[in-house]
Amino acid sequence: MTMWSRLRSWLRVLLQRSRVEKEMDAELRFHIEAFAEDLVRSGVPRKEALRRARIEFGGIERAKEECREARGISFVDGLLQDLRFGLRMLHKSPGFTATAVLALALGIGANTTVFTVFDAVALRPRAVKDPDRLVGVYRTAEGKDRRAFSYPDYIYYRDHTTTLSDVAMWSGGTNVTTPDLSVANKENVPRVAGALGFQLPQFLKVGVQRLTCVFVSGNYFQLLGARPAAGRLFLPEDDQSGAPPVVVLSGNFWQSQLHSNPGVVGSVIHLDRVAFTIVGVTPVDYLGTLSRVPVLWAPIAARPPLGDATRESLENRNVPAGIVYGHLKAGIALPDAQEELKVLAEQLRAGYPDERNNGVRVISERTFGSIDSEAWPVVAATMGAVTLLLLIACANVASLLLARAATRRREIGVRLSLGAGRRRLLQQLLIESTLIALLAGAVGLPFAWWTLHLLVVEIASAVPSYWGAIALQVTPDIRIFGYTLLISLLTGVAFGLTPALQALRVDVNSALKDSGSMLGQRLSKSRLRDLLIVVQVAACLVLLINSTLLLRGSQRALRIDTGFDSKQVVHLKMLPMVGDSQARLSDLNRQLIEEIGSLPGVTAVTQASRAPISGGNRFAPVWPATEEPPVNDAGEDKRPAAGYSYVLPNYFETLGIAIARGRSFTVQEAETEAPVVIISEATARRFWPGQDPIGKRLVIGSVKGPAPNPGETAPFSPSSEVIGVVRDVRSLFLNRVDQLYLYLPLSQARQWASTLLVRTSERASSLLLTLGGVVRRVDPNLPVVLAPLDWMVSSDPYFVISRIGGILSSIVGTLGLFLACLGVYGMVGYSVVERTHEIGIRTALGAQRQQVLRLVLRESAQPMLFGTVIGIAVSAATARLISAILFGLNPMDAISFAGVSLLLIAVALFAGWLPARRAMRVDPMVALRYE
Amino acid sequence: MDKQMELLQGTLDMLILKAVSLGPLHGYGILLRIQQISKDRLEIQQGSLYPALYRLEHQGWIASEWGESENKRKAKYYRLTAAGRRKLQTEAEKWNRMADLIEGILGTTAEEV
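Chains as they are written, first to last, in the numbering used here: chain A, 1 to 931; chain B, 1001 to 1113.
Hints are computed from structural coordinates only; laboratory data are not their basis. Warning: the hint list may mix true and false statements.
[Claimed, not checked] Only pairs whose alpha carbons sit at most 30 Å apart, straight line, appear in this in silico BS3-like list of lysine-lysine: (1) K1072/B to K22/A; (2) K1072/B to K47/A; (3) K64/A to K1039/B; (4) K1074/B to K47/A.
[Unchecked claim] What follows is a list of derived Cβ distance ranges for each label pair: (5) L1101/B to Q427/A: 37 to 47 Å; (6) R54/A to I1102/B: 32 to 42 Å; (7) I1102/B to E61/A: 35 to 45 Å; (8) G43/A to L1101/B: 39 to 49 Å; (9) Q1035/B to Q427/A: 36 to 46 Å; (10) Q427/A to I1037/B: 40 to 50 Å; (11) Q427/A to E1043/B: 19 to 29 Å; (12) K129/A to K1094/B: 58 to 68 Å; (13) P94/A to Q1045/B: 49 to 59 Å; (14) Q1035/B to V493/A: 48 to 58 Å.
Glycine residues also receive a C-beta, built at the ideal position from the N, C-alpha and C atoms.
Whenever a hint applies, use it, and build me the whole structure from the sequences.
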């Protein structure tokens, strides 16, 4: 009630200021005149009466001022005045304002970014029905506790649980090909790829589309309480084998590519030549339990027809099929469900003793990611790092303000001596810093938005999809804006208070005489500020050294000698559809090889099951046929795994891989799948050190080796003769030479993941268009990946990690360097102002300019050097951790360590030199005259 | 006539509330009413009256309204609000208790200790 009336009266003051003033005037005038009239009535002459009335009343202006204060007018007044004054002061020193705002904006932006990601991962509940009761059920085995269940196990849990109200499964996803959607085949080439300095291979634009498709059980959408945007979502009967094949479209695809046309519901779409009916559309951005929006949703029953699994593999209890989700029944706590499912797991183990160890773990799936105990240190470190960044930014701005307060000491002294209230002065200094903070918040928010976009959208999409990149929904919302604002305000108060209080401790007399520091008097030097400089210099040195190592390492990767010639070779990979027979693929390949081989400029065409450094690595166990293969105590096969590829006889010649001993395959050997093999030199050294490997025999694979992919068969040969040895290359991973590698003859029966390698006498990229034309002529519906072999380096995970890691850490490191320089700048500036008098005396006594400069810089140089030493020591430790992805670069690389350290010191000294110049220019006469 | 007494610290608010509780008054009227009730034994600084009025109004204990004075002039009239009435009551009780207490202490004789 009184709160409200007070607010109303303030509002009235704010809005009707002049009326309030006028009323106050009228009221006081009335009082004096009424008083005077009373006096006139008692016989005093009118003129004298007015005079006496005024005297009796006392100071009218003072009364008015007290009235204003009583109504809170003067508070509002002062606030507005201080605000205007603060803005003028900020405007007057744009350099100071810009640096302070920028430093804080960086801190605030970084915090908002991390907070947003943290919120999206760990705090924001999933957009599903009853997220609090949603749980994920995972298989635990061999110490790993987040594994997928087989399909029969899922059925068992679904049918027997009494603690979960419904149980559904998400069964992974695949890419499917369709010729039916004649939509703009927009290539999603992330812009960031250009910034990262490498190209991503592109799909050739032909009449087919590759779409991502995920598989879920028929009750999945019911469990999550999803509502369709059009048509209907899946029902349990859609997921029976033999049911008519159906798919659901994502709202995003429907909206962006099909213009939200409701007519597509009910229409037929061919996926890998299988006809599916589109039964419905999910809402836009519907994620379910996924991390990125797929294009299509299909029932698990559609996996076999789409070639993602076979009927047998889905029925096999040893083949993981997917993650199980359920809803806790009302009144059931998570541990109860865990207990019950453990019992069910034991029943399963008893019923199927042959099956792999099947533990079970129930985890709340309320949010996108429940943060495991193992992940907490990383999360805590990241949050700690950005909090530290903000702290450093605050400390720096505080030291800037301190330096400024020192120069304003006289002004404050004058105002204090003229009777300004300390509270009012404090208020004014606080308002100035709050203004800076608010400006920083305004800059920090778009900065955070941009970083989020860069981090989550651009980089996540640049990462090869088989990494399972996380694409969270991190659209900034009002809460995050509030968070930014709160941080900026707290920051404003926090960093504004220190210098303000310090400024107010000013002794009026000494401030006016400007003898703040006497000769030889040790300044009240802040140890905290020294420590902050040490931490800043060390932290940003660690970041900068590591980022330089990573960038130099990944640069090296681009020039690394892989052992094969990739410069003038084009990589053309066919993406077959299910239902393409080996015979048809063989036909296509032969036709393409013929047509491409006759192109002008093409010197050779070869075919292989995989190209070097292009992913698709395959491994098989291998051992000399004459020796007893190693097994462990449990009798399991412990032969080493060798990488392998099936190649045509001219493979080595086309890629420029020299044959060290023996020969390549003959055409006949290739066609008949003769039991012959060509090995790498490293393989020969491993199995037959010091002997001639030609003529020796190898056991490759095993009888029931698992197929690497549906449709492929694993190699098996009980005794293959070594007919050739070729030079070592880096074909599996860029960062090391292949340890064991086998080349097997490519027959017409092994055409699945076929890659053509085309050697040209011109630049590889100039051949791309021509090759695309040939592909379209041979089969306009054939999806292919077409790129110079050089570009395929981007699919090497170590390369991408080192590139992205290097770029990210150099961004953060540069920010840190900037902040550290601000700190040094502020500190030196402060000390110069503090010691102007002392410097004046020194100069008067004959000190040289150089000596003065050294004097001023020495104070900041100490913590800087200390920080550099710590930074180098820490970097030496972290460099060892990343040595695996440095592509042979020495982790103690001198250029990175010495170069970056020297650069940092130079930049920091420069930051100190700027204000130190002022010390050199101190005129002894002027400095001393203040006395 | 007794010698005029200076107002005790903090009592002006209570007196103003009491004065307007008897009926709406303008500032000068309040001054006259207090002097009249106290039979001119209280000395009130006229200049301090208005800040007190503004403070009381700001706190919502009195409300103001422009009206016409006895001699047909525009004047600002103050009246007690409901919250002000409650405030006056509690302040008066507090004052009475305090006065009793002080009186009791001052009236103590040596034998009673």
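Okay, the hints, checked on the actual structure:
no., hint, result
1, K1072/B to K22/A, "20 Å, holds"
2, K1072/B to K47/A, "22 Å, holds"
3, K64/A to K1039/B, "28 Å, holds"
4, K1074/B to K47/A, "22 Å, holds"
5, L1101/B to Q427/A: 37 to 47 Å, "40 Å, holds"
6, R54/A to I1102/B: 32 to 42 Å, "38 Å, holds"
7, I1102/B to E61/A: 35 to 45 Å, "38 Å, holds"
8, G43/A to L1101/B: 39 to 49 Å, "46 Å, holds"
9, Q1035/B to Q427/A: 36 to 46 Å, "40 Å, holds"
10, Q427/A to I1037/B: 40 to 50 Å, "42 Å, holds"
11, Q427/A to E1043/B: 19 to 29 Å, "36 Å, violated"
12, K129/A to K1094/B: 58 to 68 Å, "60 Å, holds"
13, P94/A to Q1045/B: 49 to 59 Å, "50 Å, holds"
14, Q1035/B to V493/A: 48 to 58 Å, "49 Å, holds"
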